[in-house]
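Novice: Heads up: the protein sequence lines correspond to chains D and P, in order.
Counting with this note's numbering, you get residues 1 to 216 for the letters of the first sequence.
Counting with this note's numbering, you get residues 1 to 183 for the letters of the second sequence.
Rather than coming from a laboratory, the hints here were simulated on the basis of the structure.
Hints are not guaranteed to be accurate.
Said to hold, decoys possible - Pairwise CB distance ranges (calculated):
1. P:E21 x D:K11: 27 to 37 Å
2. D:Q8 x P:N157: 16 to 26 Å
3. P:K175 x D:N39: 39 to 49 Å
4. P:A150 x D:T34: 29 to 39 Å
5. P:A150 x D:N39: 23 to 33 Å
6. P:G72 x D:S4: 16 to 26 Å
7. D:H74 x P:E21: 46 to 56 Å
8. P:A150 x D:P48: 16 to 26 Å
9. P:K29 x D:N39: 14 to 24 Å
Since the structure is predicted, the reported quantities are computational estimates derived from the model, not experimental observations.
C-beta: ideal position from N, C-alpha, C; glycine also.
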Amino acid sequence: MEPSDFDQLIKDKLANDNSIHAHEIEKAKPFIWTAIQNNIYKGTVVFPWYQVAAALVLLIICSSFLFYSLQLNHQTEITKLNTKVESLKSYYDQQAHVIIQKNDALLNICNEVDHLELLVNDLTEETTTNNVPRELLVFKSDTIFVDRVEYITQIIQSKDSLNNSDILNEELVEEQEEESTEKSESAQQIYPNYNKIKVKPAESELLKFKISAYSF
Amino acid sequence: MILNEEKLIASCIDNNRQAQESLYNQFYKEMYLLAMRYLSDHNDAEDAVILSFTKIYKGLKKFKHQGQGSLGKWMRTILIHESIRIIKKRKLLHFSDDVQFLSIASNTVDGLQQMQASDIMLMIERLPAGYRTIFNLFVVEGYNHREIAAMLNISENTSKTQLKKARTSLMQKIKIENAYGTI
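Next up, chain D with everything else stripped away, as it sits in the complex (with noise of 0.2 Å):
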């Protein structure tokens, strides 16, 4: 037999699927297959390093930009809480005078009022240890005519009698007879005379009235 023919005949048997190492092979396998894995991800880049420059400095960018606008904004706030300080302050300045002068008036409006406390006390006093009014006496003086009705007392003795008086009236007259009819006796009777042809003066004196001080 040739050499090679013994070299074709082995490497067809080789050629054949052999099942040893297959253990080995198989218990072997997912250590192997992390190993390589170790070995093609250890020290590799996910991004290239231009693509990453790229990124920082469109980070830098975009973050230099961001904190331009908030302090920009940051700014204008301030400027805009500074004037409203301002408004403030001189509105408190304003408010300030304006209660001054509204204590000023208030103090002396107190001082006045105490003065008329003072005043009124005194005025009070003086009423009430006097007793006189001293400033207004109005005096006034009426005449007052007074209608004084004359009664004339007639005393009744006989029916005769009674013809001459100067009663007027029948019905007195009449009463009288009757009560001269019970009375036989000689009585009383008073009766008032309305003959104003007369006039006298009033007895009484001329009353003068006080009036009280306070009275206008």
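On the provided structure of chain D, position chain P as indicated by the hints.
Specialist: Below, chain P without anything else, positioned relative to chain D:
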């Protein structure tokens, strides 16, 4: 997820984890067995597989797809070079002259035909590193002696000699296997 090679390569380049894992699952066993044939040690084989796949994923951008199967061939080439690098690093590449050449007997051929692939694989793994490397490169991978000499920094004659010795050693093992039924 099984994609055709071009789409798979494009997805792996885009760092698609699923595509990368799919590529790994598709070629892992073949690559491991190939590494074992050269290195004959599980730890070394794992290192070779890890380093090879790492180079493959990182080098996919530069890879030019030339039809179905070109990706697998490219991946195997990377693994072979990585395995040889490990062998050289461990200074396992010794070429001895203590094996006498034997002709291939007919009963050897009969015995070989009756053997399983796993048995042959084990016999190759038990060859000395120098024999094993040259045998794999010449017989399995199809490199010529000039290419093998360039890869291993040896002369073509050394490559040819070592190949003969590798065959002799294998035949002896097959004989033993046939005689005693053990490997």
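Novice: State for each hint whether it applies.
Specialist: Hints, verified against the model:
1. P:E21 x D:K11: 27 to 37 Å: For E21 of chain P and K11 of chain D the Cβ distance comes to about 31 Å; the hint holds.
2. D:Q8 x P:N157: 16 to 26 Å: 23 Å, holds
3. P:K175 x D:N39: 39 to 49 Å: Between K175 of chain P and N39 of chain D, where Cβ atoms are some 44 Å apart, the hint holds.
4. P:A150 x D:T34: 29 to 39 Å: 35 Å, holds
5. P:A150 x D:N39: 23 to 33 Å: Taking Cβ atoms as reference, A150 of chain P and N39 of chain D lie about 28 Å apart, which means the hint holds.
6. P:G72 x D:S4: 16 to 26 Å: 24 Å, holds
7. D:H74 x P:E21: 46 to 56 Å: Since the Cβ atoms of H74 of chain D and E21 of chain P sit about 55 Å apart, the hinted range of 46 to 56 Å holds.
8. P:A150 x D:P48: 16 to 26 Å: Violated, since A150 of chain P and P48 of chain D (Cβ atoms, about 38 Å apart) do not stay within the stated range.
9. P:K29 x D:N39: 14 to 24 Å: Hint holds: Cβ distance 20 Å, inside 14 to 24 Å.
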